[in-house]
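Engineer: Going by my numbering, the first residue of the sequence shown is number 150, and it counts up by one from there.
You may find that some hints are simply not true.
In the EDC-like style, the derived pairs of lysine to aspartate or glutamate whose C-alpha atoms are separated by at most 16 Å in a straight line are [said to hold, decoys possible]: (1) K186 with E290; (2) K238 with D225; (3) K238 with E290.
If you anchor each label on the Cβ, the simulated ranges turn out as follows [to be verified]: (4) A281 with R187: 31 to 37 Å; (5) R343 with A207: 24 to 30 Å; (6) L214 with D320: 43 to 49 Å; (7) S257 with A363: 36 to 42 Å; (8) V378 with V204: 16 to 22 Å.
None of these hints come from the bench; they were simulated from the model. Think of the CB as a built atom: it goes at the ideal place given N, C-alpha and C, for glycine as much as any other residue.
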Amino acid sequence: MIVAPAVDAPSAPQTVGILTQLLAEVRRRDLAYAATKRAMDAVVAAVLLIALLPVFAAVAIAVLLETRGPVFYRGDRIGRFGNRFTMVKFRSMRADCDPTAHAAFVQSLMRDETKCEVYKVPQDPRITRVGAFLRRTSLDELPQLWNVLLGDMSLVGPRPDVPYAVESYADWMHRRLDAKPGMTGLWQVSGRSRLSLLQMYSLDVSYVGSASLATDLRILVRTPAALLVRNGAA
Numbered sequence: 150m151i152v153a154p155a156v157d158a159p160s161a162p163q164t165v166g167i168l169t170q171l172l173a174e175v176r177r178r179d180l181a182y183a184a185t186k187r188a189m190d191a192v193v194a195a196v197l198l199i200a201l202l203p204v205f206a207a208v209a210i211a212v213l214l215e216t217r218g219p220v221f222y223r224g225d226r227i228g229r230f231g232n233r234f235t236m237v238k239f240r241s242m243r244a245d246c247d248p249t250a251h252a253a254f255v256q257s258l259m260r261d262e263t264k265c266e267v268y269k270v271p272q273d274p275r276i277t278r279v280g281a282f283l284r285r286t287s288l289d290e291l292p293q294l295w296n297v298l299l300g301d302m303s304l305v306g307p308r309p310d311v312p313y314a315v316e317s318y319a320d321w322m323h324r325r326l327d328a329k330p331g332m333t334g335l336w337q338v339s340g341r342s343r344l345s346l347l348q349m350y351s352l353d354v355s356y357v358g359s360a361s362l363a364t365d366l367r368i369l370v371r372t373p374a375a376l377l378v379r380n381g382a383a
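Sequences and hints are given; from them, build the entire structure.
Structural biologist: Next comes the structure, spelled out in structure tokens:
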């Protein structure tokens, strides 16, 4: 009979050393991803802001011709780790509209997860005709490139959420705040506003748990097609 030599189990100090090495490797990988992602965000945002200046000008003229008011909408959003920032979009609603209705609508959804069937107010009367077109094509979100350049947002990440929605989050939803909000994400290429609120949040949490440069690039590649077919646009 052949007796295999006994293999000693690693001692406590050896186990601690192995775990320390593994954690250090994970941290190095995370830092490399974060640095690469930030560099890509800054370069792409800067290039697009310059290249799309004619589009910005055309949209600004269209917004001003239809209704009085500012070209841009500035609203509070909750970013990474719960930090608040000012998000910039082309204005798609009347300048004098009251946000109370939207706040009440979202909070009613958050109070009862079984009713989270949609995220946007159906047939919202506050939206202008130009604004409806901008939303269908996502042109209203182009100014968010400025937020990306500033570092408040990323090209890819969870959808930036409003403070009154975050206040009503279930515990598991807070996981989506572990990453910078993005101009596009799994929610964008998986159905956009055709998704329910819970589906959108679930996709965001899934992204945060598996984020990588390869995942970001796949989402970026899929985004133009999602916009062209107006996949669930609203």
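Engineer: Quick check: which numbered hints come out false for this structure?
Structural biologist: 1
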